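Put together the whole structure using the sequences plus the hints.
Number of protein chains: 2
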Amino acid sequence: MDYNSMCPKYEAAAEMLGKKWTGLIIRVLLGGPKRFKDIKTQIPEISDRVLTERMKELEDYCVIQRNVYPEKPVRIEYILTEKGKELTPVITAIQTWSEKWMD
Amino acid sequence: MDYNSMCPKYEAAAEMLGKKWTGLIIRVLLGGPKRFKDIKTQIPEISDRVLTERMKELEDYCVIQRNVYPEKPVRIEYILTEKGKELTPVITAIQTWSEKWMD
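Going down the list, the sequences are from chains A and B.
Under the working numbering, the residues of the first sequence are numbered 4 to 106, in order.
Under the working numbering, the residues of the second sequence are numbered 4 to 106, in order.
It is possible that part of the hints are untrue.
Since the list can't tell identical chains apart, any single copy or any two copies may satisfy a pair.
Stated by the list, open to error - For lysine to aspartate or glutamate, the following DMTMM-like pairs were computed, each having C-alpha atoms within a straight-line distance of at most 25 Å:
#	residue 1	residue 2
1	23	63
2	59	102
3	22	60
4	88	14
5	88	102
6	12	60
7	86	14
8	12	80
9	75	48
10	103	62
11	59	48
Just so you know, these hints were derived from the structure itself, not from any lab.
From a predicted model like this one, the values you see are computed outputs, not experimental measurements.
Next comes the structure, spelled out in structure tokens:
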């Protein structure tokens, strides 16, 4: 196994996934397009500041996409990209493992 | 989906996996029992201080076990526990996703 060549991409992904709330935000978005306030409703403990920060990070990673609909009032929705949707097996695996093993 | 009930265990697992070198250390140990210096040889970029810290954390999580053999000189080996071995699908899923999607 070539540990060094697999390292940087793996580490970047693990670091992204390891940030608090990231997994939960992705799981909420697996349920379909959501507005900021919809996500807040499903994760009430998260602050506006931290949710804004996480959404920006996930957008920078191209894991989510921010769609602006020029209605009145303007509607902004977040959806998972293909890259984001393909995190499903990762999140499921962490979920399964943590349910079994974490106290 | 009950987001709140699944949250703390998931977050703890994701945080553990998100620490730099953790995934790589687990992958090295998937190859069998290793001494500290064996791990260093396979991950030359890691410092002694950080590797010691990570090994202690993984031991506290019961993901690895530290075995001391009273030989002369004393031999200390690290192995994955069952809990650690069952991280294989998690690490494989992160690996697969990151190879495909991370730059």
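Verification of the hints:
Proximity of residue 23 to residue 63 under the C-alpha cut-off of 25 Å is found in both arrangements, the shortest distances being 17 Å within a copy and 20 Å between copies. In this assembly of identical chains, residue 59 and residue 102 lie within 25 Å of each other by CA distance solely across copies; the values are 23 Å between and 29 Å within a copy. With identical chains, the CA atoms of residue 22 and residue 60 are at most 25 Å apart both within one copy (10 Å) and between copies (18 Å). Taking the closest pair of Cα atoms, residue 88 and residue 14 come within 25 Å of each other both inside a single copy (20 Å) and across two copies (19 Å).
Both within a single protomer and between protomers do residue 88 and residue 102 lie at most 25 Å apart by alpha-carbon distance, with minima of 22 Å and 15 Å respectively. Taking the closest pair of Cα atoms, residue 12 and residue 60 come within 25 Å of each other both inside a single copy (16 Å) and across two copies (23 Å). Taking the shortest Cα distances, residue 86 and residue 14 sit within 25 Å of each other both inside one copy (17 Å) and across copies (21 Å). With identical chains, the CA atoms of residue 12 and residue 80 are never at most 25 Å apart, being 29 Å at best within one copy and 29 Å at best between copies.
Proximity of residue 75 to residue 48 under the C-alpha cut-off of 25 Å is found in neither arrangement, the shortest distances being 29 Å within a copy and 54 Å between copies. Proximity of residue 103 and residue 62 under a CA criterion of 25 Å is satisfied inter-copy only: 18 Å between copies versus 31 Å inside one chain copy. In this assembly of identical chains, residue 59 and residue 48 lie within 25 Å of each other by CA distance solely inside one copy; the values are 18 Å within and 31 Å between copies.
The structure fails hints 8, 9 (numbered hints given earlier, in ascending order).
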